[in-house]
Each structure stands twice: as structure tokens, then as C-alpha cells.
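Peer 1: Chains Y and B, in that order, give the protein sequences.
FYI, this note's numbering numbers position 251 of the first sequence as 251, with every residue one higher than the one before it.
Positions in the second sequence are counted from 1; adding 1000 to them yields this note's numbering.
No wet-lab data here; the hints were simulated from the structure.
The beta carbon of each residue, even a glycine, is placed where N, CA and C say it ideally should be.
There may be inaccurate statements among the hints.
Unchecked claim - Covered stretches of chain Y, going by a simulated chain B footprint (3 or more residues, C-beta under 8 Å):
| id | region |
| --- | --- |
| 1 | 73-86 |
| 2 | 213-227 |
| 3 | 256-266 |
To be verified - The calculated DSSO-like cross-link candidates involving lysine-lysine, where the alpha carbons are at most 27 Å apart (straight line), are:
| id | chain 1 | residue 1 | chain 2 | residue 2 |
| --- | --- | --- | --- | --- |
| 4 | B | K1205 | Y | K26 |
| 5 | Y | K229 | B | K1396 |
| 6 | Y | K229 | B | K1242 |
| 7 | B | K1263 | Y | K69 |
| 8 | B | K1349 | Y | K229 |
| 9 | B | K1138 | Y | K20 |
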Amino acid sequence: MYEILEKRALNIDVDLFKIKAPLVAKNTKPGNFLIIRVDKNGERIPLTIVENDEESVTIISQKVGFSTKSLSKKNVGDCLEDVVGPLGKPAEIKDAKNVIAVAGGVGAAPLYPQLKAYFDLGTKIDLIIGASNKEHLIMLDMFEAICENIYISTDDGSLGTKGFVTDVLKDLLKNNNYDLSIAIGPLIMMKNVVEMNKKYQLKTDVSLNPIMIDGTGMCGNCRVTIGGKTFFACVDGPDFPGEDIDFDELLHRQRYYRDEEHRCNLRLGETDD
Amino acid sequence: MIDRVKMSELDALVRNKNFSEVALGLTIKQVKIEASRCLDCKNPRCVTACPVNIDIPRFIKLILEEKYEDAYCTIYQDNILPAICGRVCPQEKQCEGACVLGIKYESVSIGALERFLGDFCLKNCVLTSEDIVENNQKVAIVGSGPAGIACAAAIRRLGYTTDVFEALHEYGGVLKYGIPEFRLPKSIVDEEIKRLENLGVNFHKNVIIGKTITIDQLFNDYQYKAIFIGSGAGLPSSLGIKGENLNGVYFANEFLTRVNLMKANNFPTSATPIKIGEKVAVVGGGNVAMDAARTAIRLGAKEVYIVYRRDMEALPARLEEIHHAIDEGVIFKLLLNPVEIIGEDYEIKAIKCQKMVLGELDSSNRRRPIPIDEFETIEVNNLIVAIGQSPNPIIKNATPDLTVDDWGRIIVDDYQTSIPGVFAGGDIVTGAATVILAMGAGKEAAKKIDKYVRTL
Ligand SMILES: Cc1cc2nc3c(=O)[nH]c(=O)nc-3n(C[C@H](O)[C@H](O)[C@H](O)COP(=O)(O)OP(=O)(O)OC[C@H]3O[C@@H](n4cnc5c(N)ncnc54)[C@H](O)[C@@H]3O)c2cc1C
Ligand SMILES: Cc1cc2nc3c(=O)[nH]c(=O)nc-3n(C[C@H](O)[C@H](O)[C@H](O)COP(=O)(O)OP(=O)(O)OC[C@H]3O[C@@H](n4cnc5c(N)ncnc54)[C@H](O)[C@@H]3O)c2cc1C
Ligand code: SF4
Ligand code: SF4
Ligand code: FES
Chain Y
1 MYEILEKRAL NIDVDLFKIK APLVAKNTKP GNFLIIRVDK NGERIPLTIV ENDEESVTII
61 SQKVGFSTKS LSKKNVGDCL EDVVGPLGKP AEIKDAKNVI AVAGGVGAAP LYPQLKAYFD
121 LGTKIDLIIG ASNKEHLIML DMFEAICENI YISTDDGSLG TKGFVTDVLK DLLKNNNYDL
181 SIAIGPLIMM KNVVEMNKKY QLKTDVSLNP IMIDGTGMCG NCRVTIGGKT FFACVDGPDF
241 PGEDIDFDEL LHRQRYYRDE EHRCNLRLGE TDD
Chain B
1001 MIDRVKMSEL DALVRNKNFS EVALGLTIKQ VKIEASRCLD CKNPRCVTAC PVNIDIPRFI
1061 KLILEEKYED AYCTIYQDNI LPAICGRVCP QEKQCEGACV LGIKYESVSI GALERFLGDF
1121 CLKNCVLTSE DIVENNQKVA IVGSGPAGIA CAAAIRRLGY TTDVFEALHE YGGVLKYGIP
1181 EFRLPKSIVD EEIKRLENLG VNFHKNVIIG KTITIDQLFN DYQYKAIFIG SGAGLPSSLG
1241 IKGENLNGVY FANEFLTRVN LMKANNFPTS ATPIKIGEKV AVVGGGNVAM DAARTAIRLG
1301 AKEVYIVYRR DMEALPARLE EIHHAIDEGV IFKLLLNPVE IIGEDYEIKA IKCQKMVLGE
1361 LDSSNRRRPI PIDEFETIEV NNLIVAIGQS PNPIIKNATP DLTVDDWGRI IVDDYQTSIP
1421 GVFAGGDIVT GAATVILAMG AGKEAAKKID KYVRTL
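Next up, chain Y with everything else stripped away, as it sits in the complex (with noise of 0.2 Å):
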């Protein structure tokens, strides 16, 4: 079983878990994510592996729905009925010496791992890290381990520069001169980085999320357009070049069952355990 051994709570709308799960982390590597599924009547969700150490892997997820939520109330030593990976592929570490890096919200739990391969190459990175608020800003402590530079930026100016993180990362490209750009969170925040970094010619590699249910390439759901060619997200992915991501596209997707999902949230009030 896979029994949770360590919770922790960010904020109030993100946990960090560790969970016993040796053959998920034995083969882990930076970029890959897992699957899980709550309890049995649940969904297959996707979590990017955070940390791994022999016997456990580490994920945080941030409560946006019935899986989530569910997942939320699990304490130490309950188990989850499912965990599957280390899936995707890992991301490519690529030849950088100047890495501009931009976490939104919960992105940063996915960024981490591979900032810290670039960090352990010796790369220097500087950070943008942005949420809607002060309390939503999650693992600074452990990017100020890896990082050379970290820029904030929230939505209402609770801390840092009120705003978006793309209006740091202008200023930052019209003075620095960068090589390679990673961003990850909200879709739409990936989109206008990779708009504003191609002004610079900067390239941008991006890590997708697009709905999934095996994880192994059989059902489909997962796909994305990208210069005109679809690609499964699961096993061609999640990490791509940001260039010629149809992010429209993918928007549309990822509201696919909005109306259901909020169906199933109304169960929650039920469930309660």
C-alpha cells in the first residue's frame, strides 16, 4: 500500500506529501510525475514528483477540485489506493549558463526538480515566482538554495511587485542577457512567457498539463498541438519547447468538463469522513 508518510500543509490551498511508494522513486528522475488515484471510486490524477529518496516520493498539490480535495484530507499513515510512475519524460537538462525560471502558483512543485538538475550543473538561475497572494507563494526556502536571484510577484502587492510575473520578467530580459527560459504554472501565464520571451529570441521550455487518465499513451486524452502535430503529453511530455504550443487549444481542453467537475465537487459536502 501506499501509505503517507509525512504532510504538510504550504498554505492553505497546497499540501506537501510524502508517500511510501520504493519502485515509483527507485527509477525517478527530474520531470517525471506520477499518477494516483484517492480511494477506489476515484480519478487517475497527475502530480509531478517533487523529490525522491529511496523508499518515498514527495508531491504537492494544490486543492482545485473533487480529486484534489479528497486527496487534501488524507493524513499520515492513511494510504492512497493507487500510485503509478515515474511517468513522462524526464526533462531535458539543456547546455545553459543563464537560466530566467518562472513559477506560477503551484508550479513551482513541478519547476523545483529541474531547476535544481540545472543547479547541480553548476547553471546560474534566477527565479520569477508569482501568486495571487503573500500566502500563496510556496517553497522560497528551497529555491534560495539554488537560485541566484529571486523576483516576486503577486496579484494584489502583498509582496514583492504587485502584478504578474510577466511584467518582472520584461524588465529582467531588457537588462540580462539569458539563454534559456523555463516556466511553469497556469496555462496562460506559459503562453504569454513564451510570447514575451520570443521578442528576446529567448527560447522557453514549458511543462504541460493537459487532462490524463493512464499516463501511458493508450487513451489519448492527453494530446496537444504543437506546430501543427499532435503529441501525447504523457509520453512525449509533459516538458516541451514553448514556441508552437497551440495553448488555446489546450485551454479549451483542460475546460472540457467543467460543468461535471463541479458536480462533483457538490459531493464533497457528503463525503465528509
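Mind docking chain B with the ligands on chain Y? Use the hints.
Peer 2: Then chain B with the ligands, alone, in the frame of chain Y:
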């Protein structure tokens, strides 16, 4: 000659709103009548036409003698899943298609008799304990579909410690995630798995070979002597036309997996949703297409079309499924091929189809469809693409030494792959085929594995 008995079925207008099994099986009385029709041929054509050469006249004779357990065992020697094959084999192309009675009358209902025995013995718990002499050698089986199950059973009986690794959270492969409940109740698949567990086969879910554990690791870190790959043909083929990634367009695998594996028909009790509009088109003419169309009807679609580029005679699906689909109200739009999916605001609105006419016979011995310069646009809320599957490349990608052909199928010589000690069978070798062929391959491969391990 007495008429072939008719299996009773749920009423079409009742069953097209639920997921209960459609074909209800034969009563013992019917079974005896049907069995009595067999001529017990000297050179039984039915046996030759069965891919695993089950001794059909023998099991039928045993039925007449009311030796149901012996009859079951006769089948079991060649096919460990009679309850399943009796339901899903394309009998009209195999055993029944060759039955000599079919020339003048109607063939013996071999599949229905086989199903009866399978169900009878599952219910009455025949064959629960077996004496197995352990040899303490380890064999790993990749995938719990028909190929993996058959290989596991056969290799376990020879005394091997047998571990089945399955990528998904349930066992059975396509029997679980592909073929719907109304055609093959999932409880039957679970019973069969339980019997293998009783035999001492160890099942491990959530293990993707090539990701969670590599082939190299199975040998080096876990000391397996041999590995059987039965990972199936799970990669959906795409139409490759404009609009395929619009909302409302499903690959059949996603559509069927949401319902069969994730139980989306019980949403929101099951947390996985599914969305189906009033008008649904399914492209394709095989079992997968019929299953998708009939599932769509059950989920509440008002009009469901099968869009197929050839004619009715050329449909590759099992005959029974085609009949059931017609009874349940599926509309067949033939000699049509989708060329564009038309959308609005990233959601499908219609499909544009090109009309076809039939030409000369092609390599599959069916008349080749030829496009003509006429088009038909069909308004739909969903399109389900069911035009085929090819092998999933995960294992190949993680195992460079494993040789595959241009279609990604593992190349084998007598079940032996390019890597010593690694064997393969089922859809991963043949491409999408049938349950019985996959099972036959798994069982034969077990013999080769045993032979190989003995040489070590
Ligand atoms: C490769 C990958 C890595 C991810 N890593 C993280 C992570 O580290 N931390 C984190 O908090 N979130 C991560 N996500 C997103 C996370 O999977 C979704 O937030 C979660 O599935 C939502 O489920 P829900 O039932 O709580 O919400 P719902 O109410 O069902 O949905 C909320 C939104 O989440 C998305 N979503 C719903 N179901 C799925 C699904 N089965 N697969 C993917 N997205 C879905 C949809 O866009 C939906 O609109 C990742 C997603 C992917 C694809
Ligand atoms: C919808 C549908 C309807 C069908 N109807 C019929 C029918 O009526 N009659 C008939 O005879 N045939 C039918 N078929 C075809 C038949 O189901 C297949 O030919 C048969 O299941 C093949 O068996 P298999 O064991 O080779 O593969 P599968 O049944 O595909 O099983 C392979 C298993 O391996 C697992 N796996 C894959 N990769 C890995 C990995 N790397 N590590 C671990 N596990 C892995 C998969 O999750 C799966 O469980 C149908 C197929 C479909 C899709
Ligand atoms: S296994 Fe299939 S083909 Fe063979 S006898 Fe049984 S139903 Fe017929
Ligand atoms: S061919 Fe028909 S009649 Fe002859 S043995 Fe087979 S089932 Fe019986
Ligand atoms: S999640 Fe099913 S193919 Fe990617």
C-alpha cells in the same frame, strides 16, 4: 434437422439504457438440444478452424453425457477462459464458420456451449486446487491481458514463481478497459484472475515495465530467469485530419476506458466524468467501433452513427455485435470517410465526409473503397475515432536492444525476441487481433520459456 437454439437477450429498448449483459446464455435444456445437433464429425472442420484447436466434438459429447466438468476440462486444456471466449470469439469466422452443418442448415452454437460450460464451472468452483511442484525459478509476465494471463497460468503450472506486472490499477487488459460490461461482465474477468491467484500467480498492479522497472532491472536487480511481454496494442490510431483535437472528439480508447475502467457511467459516484452529446458519430467498423457506439447509446445519446468507408458485408466486427447494434438503434452510414472535423470555439460541430464507391478486390479480399467527388456533412456533438490500435512503444523505447518492425510490433522467432530470455506474444507481436489468438500465444510461449530456462 432441428433449428439452432436462440439465446435469449435483454429487450433492445430496455438494454440500450443500461449496462447489463445483453446475451443471457443458454438454459441447460437449450444446451442439451443444441449439443444434440452436432454430428460428431470424423474430420471435424470446426476444430481446424479454432485457433487453438479445441476438441469441439469431444466436449459436446461430454455435455450430452452430462459430464460438464470433463467437458470443461477438454476446453480448458487449450483455452483457460471458456466463459470469456464463448462470449467474445468471432465464432462465425472461426469454429462456427467452418461447422459442416452450416453448409445446409445453421452451424452448431459452439460459442454458446463453451460459454455455458465456462459459466457453469465458474459458478460451481471446479478446478480450484491444483498440486504444483515449486521449482523456485522466477518468471516475469508483462501485462495482464489474455496473452499475459494465459502465459502466467501455463508457466505457473510448471512450478515457476510467476509475477504478473500490470500498468493499470486493474487486471485483464482489454477485457477490462476495452470490452464493455454489457458484452463481458467484469465480474467474470475478476473471477478468472482470482482463480489464477489461487493457483499461486502473483499479480502486481501499477507497475509499468520500461518505466517503473526496466527489462534490465527485472533480470539484474530482481533475478528473473525469463520475461514474457504481453503488453498488447494499446496505442490508438488517429485519422490524421483537421480538427481531431477539438473538444468532443474522443479516441475510442479514452471513451471506453472512462466508462469500463473508470466507471464514468456511475458519475459522480465514480469521480471520472464523461460527456456525451445528442448526436454521436463513431468512425470505424470493428468491435471497438460497435462497442463505442453501443456505449454512447447507453450513455443517453439520441442518435448514434457508425461511419464506415466500406459496405455492410465488409464490417470486421463480430456478427452478433453488428446485429445488437442495429437492434439498439445504431444508424449505419456506409461508404463514407471523414475528411475534416468542423468546429466552433474549439468544440466539434460537424464532420465532413467524402463518399466512396467500391472498386476491385484488395489484399484483404474485400472490395476497395474509392473516394468520389461528393461530400456529406453530418452535424454531431461527438466523434469517436475507432479505426485501429498499434503497439505501445514504452517498452521498446526503454529497451533499445528489443527489435520491432515498422509498425512497432515486437519481432519474434518462435516467441523468442531479439533479447535472450525475453519472449513475447499477443497483440504486441501480431498487432490488434483477438482474445483467443493472444491466449494461444501466451500458452505456447510458456513452453518455450520453460525450455529456455532449463538450458540455463
Ligand atoms: C503532468 C502533470 C503534472 C501535474 N503536476 C501537478 C503538481 O505537481 N501539483 C498540482 O497541484 N497539480 C499538478 N497537476 C494538475 C493536477 O493534476 C490537477 O490539478 C488535478 O488533476 C485536478 O483534479 P481535481 O479533481 O482536484 O480537480 P477538477 O475539479 O477535476 O479539475 C480542475 C482542473 O484540473 C484539471 N484536471 C482535472 N482532471 C484532471 C486529470 N485527470 N488530469 C489532469 N488535469 C486534470 C482540469 O483542467 C480542470 O479544469 C499536474 C498535471 C499534469 C498533467
Ligand atoms: C474495444 C475492444 C473490443 C474488442 N473486442 C474483441 C472481441 O469481441 N473478440 C476478440 O477476440 N477480440 C476483441 N478485441 C481484441 C482483443 O481484446 C485483443 O486482441 C486482446 O485483448 C489482446 O490481448 P493481449 O494480452 O495481447 O493485450 P491486451 O489485452 O491489450 O493487454 C495488455 C495489457 O498489458 C498492459 N501493459 C501494456 N504495457 C505495459 C507495460 N509496459 N508494463 C506493464 N503492463 C503493460 C496493458 O495495460 C494491458 O492490461 C477487442 C479489442 C478492443 C480494444
Ligand atoms: S476458442 Fe473460440 S474459436 Fe475456439 S472453439 Fe471456442 S469459441 Fe470457437
Ligand atoms: S463441424 Fe459442426 S457438426 Fe461437425 S463436429 Fe464440429 S460442431 Fe459438430
Ligand atoms: S493520458 Fe492517456 S494517452 Fe496520455
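Peer 1: With reference to the structure, classify each hint as holding or not holding.
Peer 2: To see whether the hints hold, each was checked on the structure:
1. 73-86: Since three or more residues must qualify, the claim that chain B covers the region 73-86 of chain Y holds, with 6 doing so at under 8 Å.
2. 213-227: This one holds; 11 residues, not fewer than the three required, reach chain B with a Cβ under 8 Å.
3. 256-266: holds (count 7)
4. K1205/B <-> K26/Y: 17 Å, holds
5. K229/Y <-> K1396/B: 22 Å, holds
6. K229/Y <-> K1242/B: 10 Å, holds
7. K1263/B <-> K69/Y: 20 Å, holds
8. K1349/B <-> K229/Y: 21 Å, holds
9. K1138/B <-> K20/Y: 26 Å, holds
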